[in-house]
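Please put together the full structure from these sequences, using the hints given.
Spelled out from the first residue to the last, the chains are:
There are 2 protein chains.
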Amino acid sequence: MEKRPIGIFDSGVGGLTVFRAIREQFPHEDIVYFGDTARVPYGPKSQNTVIEYSIQNARFLIQQGAKIIVIACNTAASAALQTLSKILPVPVIGVIEPGAIKALSSTQNGKIGIIGTNGTIQSQAYPSAISKLSSSIQTYSQACPLFVSLAEEGWENHEVSKIVAKEYLQPILEKGIDTLVLGCTHYPILKKTISHVVGKNINLVDSAEAIAEQLAEIIPNTETEGIGKDKFYVSDNEEKFARIAAKILGQNITHLTKVKLGESWYL
Amino acid sequence: MEKRPIGIFDSGVGGLTVFRAIREQFPHEDIVYFGDTARVPYGPKSQNTVIEYSIQNARFLIQQGAKIIVIACNTAASAALQTLSKILPVPVIGVIEPGAIKALSSTQNGKIGIIGTNGTIQSQAYPSAISKLSSSIQTYSQACPLFVSLAEEGWENHEVSKIVAKEYLQPILEKGIDTLVLGCTHYPILKKTISHVVGKNINLVDSAEAIAEQLAEIIPNTETEGIGKDKFYVSDNEEKFARIAAKILGQNITHLTKVKLGESWYL
Chain H
1 MEKRPIGIFD
11 SGVGGLTVFR
21 AIREQFPHED
31 IVYFGDTARV
41 PYGPKSQNTV
51 IEYSIQNARF
61 LIQQGAKIIV
71 IACNTAASAA
81 LQTLSKILPV
91 PVIGVIEPGA
101 IKALSSTQNG
111 KIGIIGTNGT
121 IQSQAYPSAI
131 SKLSSSIQTY
141 SQACPLFVSL
151 AEEGWENHEV
161 SKIVAKEYLQ
171 PILEKGIDTL
181 VLGCTHYPIL
191 KKTISHVVGK
201 NINLVDSAEA
211 IAEQLAEIIP
221 NTETEGIGKD
231 KFYVSDNEEK
241 FARIAAKILG
251 QNITHLTKVK
261 LGESWYL
Chain Z
1001 MEKRPIGIFD
1011 SGVGGLTVFR
1021 AIREQFPHED
1031 IVYFGDTARV
1041 PYGPKSQNTV
1051 IEYSIQNARF
1061 LIQQGAKIIV
1071 IACNTAASAA
1081 LQTLSKILPV
1091 PVIGVIEPGA
1101 IKALSSTQNG
1111 KIGIIGTNGT
1121 IQSQAYPSAI
1131 SKLSSSIQTY
1141 SQACPLFVSL
1151 AEEGWENHEV
1161 SKIVAKEYLQ
1171 PILEKGIDTL
1181 VLGCTHYPIL
1191 KKTISHVVGK
1201 NINLVDSAEA
1211 IAEQLAEIIP
1221 NTETEGIGKD
1231 KFYVSDNEEK
1241 FARIAAKILG
1251 QNITHLTKVK
1261 LGESWYL
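Read top to bottom, the protein sequences are chains H and Z.
Our numbering applies: residue 1 is where the first sequence begins, and numbers increase by one.
Our numbering applies: residue 1001 is where the second sequence begins, and numbers increase by one.
Do not take every clue at face value.
[Said to hold, decoys possible] Here chain H is said to cover these stretches of chain Z; the calculated rule only asks that three of the stretch's residues, wherever they fall, bring their Cβ under 8 angstroms from a Cβ of chain H:
no. : segment
1   : 1228-1237
2   : 1256-1263
[Stated by the list, open to error] Below, simulated DSS-like cross-link-like pairs (lysine-lysine); rule was C-alpha separation at most 25 angstroms, straight line:
no. : chain 1 : residue 1 : chain 2 : residue 2
3   : Z       : K1132     : Z       : K1166
4   : H       : K162      : Z       : K1166
5   : Z       : K1162     : H       : K192
6   : Z       : K1166     : H       : K258
[To be verified] Here chain H is said to cover these stretches of chain Z; the calculated rule only asks that three of the stretch's residues, wherever they fall, bring their Cβ under 8 angstroms from a Cβ of chain H:
no. : segment
7   : 1037-1046
8   : 1210-1219
Keep in mind that the hints were calculated from the coordinates and are not lab data.
All residues carry an ideal CB built from backbone N, CA and C; glycine is no exception.
In structure tokens:
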């Protein structure tokens, strides 16, 4: 039987934190990753557009043989998980549900904070996933759109990031949360600053780790021999992607290819 | 003779400051504007990719009948003006040269600061345009990538923007500049904060105004009757574009259409 890869997509480099967690969990599996760096960021874009982009990205991964699609972008998972599950011929999982489960098992006082992009927060995907699991939990959401830019600028430990984090987080901290979901795959990059602002008594839930754990339950770990191969595809800026990937993954990536969408605009 | 519009493109909404200046200068002309909101921002993208995007955008405007192309995005003008001038059948102007001319006529002490996106600053487009006009001018450049996110967040007068502006601008202020080019069409939105940081003795050069003045020299103001019609095209997020456009232009826009690039990724 032909060996088929796990497919992962994200709007850019943020999903590499998910890739890393899955690679650790599945050392023998092949993985194909798509980063839509030509259209990053997804956070400020409309829900219909994010759905359209997600379909294109997932179909591309299926063309590359993917046996399962992992949506490693909270904005895309919030907008497109249901649609993709309906129309694709392979299973699809997103970062939302595993994050919700992990948050639920972390909270003691039943008060969970959620931070993410505008798209993720407006979609209400986390509150809705959490309320399906338990009706007694209270959730408090806050969009933190500047976090992505700050992370991409390398300002994650800068004084400005602390001030921005305080401004964003103060309103949900006042609600007495004991758990905070990092509902954007970029946010683990700012973990130190966020921890500093929220203090030691609040658990941070990293959705990248959560989804790797869920994946381990869904697909049998059949591959036990050899070293899994990685293939990366991006829609722009290979050099920058390779540079950031080396930083996040701790080693240089090979098999990086740029793909194109079209030659001209049409009505 | 058929009336043909002026074509303007930008990576998103920033170029609307250019549209506004041109609309004021040419009340009787038709204008067609394209904002590539599906792929905004251009600043962090590679030069080759920005050239490719600019060709697609300009060709689309020519399909809509444009008699001249205005590159209302500093990153795109820096990367693609030469290429577009060579391959397009109509004249092309970018924001760089008019900004350089205006900066030159503003400086008294021959020291000019330039701020812009990573793409614009790395291209050295402004220093090169200025040194062609005068060899005795000293230029000092600084990339300010967070300014675009802050403007899009509506944080233009926020304390954080002041801190970020101080951090970015301090090194070039220490050089004793008397003129500062706002080398990104988003930056006029932060003008108040930037003015506050640089003080009264430094002239700010707004490239949006500069290019409208240059255009008035290039195309004869032949239209003297009727009210010019506006058409807007975007590649994503019509609602958000319309909202920001109404704010920048002081009135609601009509004739807003979304365009598409392709259905699927290819290698």
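These are the hints, each one checked on the structure:
no.: 1; hint: 1228-1237; in the structure: holds (count 4)
no.: 2; hint: 1256-1263; in the structure: holds (count 6)
no.: 3; hint: Z:K1132 / Z:K1166; in the structure: violated (30 angstroms)
no.: 4; hint: H:K162 / Z:K1166; in the structure: holds (16 angstroms)
no.: 5; hint: Z:K1162 / H:K192; in the structure: holds (24 angstroms)
no.: 6; hint: Z:K1166 / H:K258; in the structure: violated (38 angstroms)
no.: 7; hint: 1037-1046; in the structure: holds (count 6)
no.: 8; hint: 1210-1219; in the structure: violated (count 0)
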